[in-house]
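Take the two lone chains and join them into the complex the hints point to.
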Amino acid sequence: GENVEQHPSTLSVQEGDSAVIKCTYSDSASNYFPWYKQELGKRPQLIIDIRSNVGEKKDQRIAVTLNKTAKHFSLHITETQPEDSAVYFCAAKGDGGTSYGKLTFGQGTILTVHP
Amino acid sequence: ETGVTQSPTHLIKTRGQQVTLRCSSQSGHNTVSWYQQALGQGPQFIFQYYREEENGRGNFPPRFSGLQFPNYSSELNVNALELDDSALYLCASSRGLLYEQYFGPGTRLTVT
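Keeping their order, the protein sequence lines are chains S and Z.
Okay, so the first sequence: first residue is 1 according to this note's numbering, each after it adds one.
Okay, so the second sequence: first residue is 116 according to this note's numbering, each after it adds one.
Next up, chain Z with everything else stripped away, as it sits in the complex (with noise of 0.2 Å):
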């Protein structure tokens, strides 16, 4: 298993109402990247973060938001939600932009 922890592990929220995840990356580890993966999918690419700035982010709309604390721990946020925002949420920790990456248990979101 590796160091990185994700809270809640579920979390059941309705339609329009806010969420926040939050992961804890692996020790050593500066970079935290944020994946939402649909049932039969494979991971998509929100966001990621080094060394607290933002460094990329992929097709998702404004409402999804994050940030990365001194401790590299991370949160991400996401307003308005839509039932399509229902799936898991995986946040994956690194030692830099180019090293492998190793992912959290996940958080389970399910939008009513």
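In isolation and in its complexed conformation, chain S is listed as follows (with noise of 0.2 Å):
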């Protein structure tokens, strides 16, 4: 089955830096890349998604990148401010065979946003 690898697990940035999270995944059936944003205490949320056919998406301040042949996809948050401290997660699914439908999660990162 799928297997999504998440680095780093904690990440600390000042606040107006840049912040990388990097993904890996296992199955190259995986055609679908999702990264949720959870609050302490709160549900996941959807802060942006990217399929196969595109290698780069960018929404304001965040922007996802793909690269199918290594297998990795990374979210890249530029202009840090203090409310984006939260836990990321990344996740992938397929459209065939066992992963069809299935969101698979990285194992999650701590961003810590300091002013």
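I should point out that these hints are in silico values taken from the structure, not numbers from a laboratory.
Every residue gets a Cβ at the ideal spot worked out from N, C-alpha and C, and that includes glycine.
One should not assume that every hint holds.
[Stated by the list, open to error] Just a few of them, taken from the derived set where beta-carbon distance is under 10 Å, the chain S residues facing chain Z:
hint, residue
1, V4
2, Y36
3, C90
4, K93
5, G106
Laid out in structure tokens, this is it:
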């Protein structure tokens, strides 16, 4: 089955700096890669996603890049703000076989943005 | 906030008991997925329902079961509760199998 590895497990940055979180996946059939932000005691919130037919997607201060050959994708947050502090999860989903429709999550990255 | 709701918010059960958790999907969504999130971990896929049929299951024993109703709301049932079942149970709904998933607020289950 699919396996998603996420790094780093914790990330501490100063306000205004950039933050990068990286994920690798194992199943070459995976073709959808969402990122979720989870604040303490709250639900995971979809912040951006990318499908395998594109290499990069941007939404204001956040962007995601995908390298299908290397089977890795990354989340980039620019001009970080204290409210960006949360746990971020990457995930992968396939469209065939046993991974059809199923999201496999990484272990999460605790991002702390210091004012 | 999404239109996905879950009940109850919190639940405390004793080992060996049974529990039913409920999820109402967002309007227009026909797919519900259930996840277990242990403290400090990413959500783990339990199973998924698409148009009232189970469509895929993760590595969870048969005492985890579920169903989806004609209005696409869903239930997760857990029999013979074990201490390790203590976790946040999340449901997520989507427009279909290949669409983005939106999570509910979760049910915090504590087994003592």
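Taking the earlier hints as the rules, which of them does this structure contradict?
none
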